[in-house]
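Visitor: Sequence:
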Amino acid sequence: VNMQYVDAIENHQITLQSLSTVPVAQGKAREMKEQYLAYQMEGE
Numbered sequence: 270v271n272m273q274y275v276d277a278i279e280n281h282q283i284t285l286q287s288l289s290t291v292p293v294a295q296g297k298a299r300e301m302k303e304q305y306l307a308y309q310m311e312g313e
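Sequential numbering of the sequence shown, starting at 270, is according to our numbering.
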């Protein structure tokens, strides 16, 4: 998933800016959240 299109990550799913949702495997949810937070910090 291209992080620039992610709106939120919660409840084992990613919500994109287009309001589409993408499921995240339970084992990858924490990793995805960490990657998203790191991406957000890069922009600041």
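It is possible that part of the hints are untrue.
Distance windows between CB atoms, simulated [unchecked claim]:
(1) H281 <-> Y308: 15 to 21 Å
(2) E313 <-> P292: 16 to 22 Å
(3) D276 <-> K297: 14 to 20 Å
(4) K297 <-> Q273: 24 to 30 Å
(5) L285 <-> E311: 27 to 33 Å
(6) E313 <-> Y274: 14 to 20 Å
(7) Q282 <-> A307: 25 to 31 Å
Please keep in mind that the hints were generated in silico from the structure rather than gathered at the bench. In this text, a Cβ means the ideal position worked out from N, Cα and C, and glycines have one as well.
Visitor: Among all the numbered hints in the text so far, which are the ones the structure does not match?
Guide: 2, 4, 5, 7
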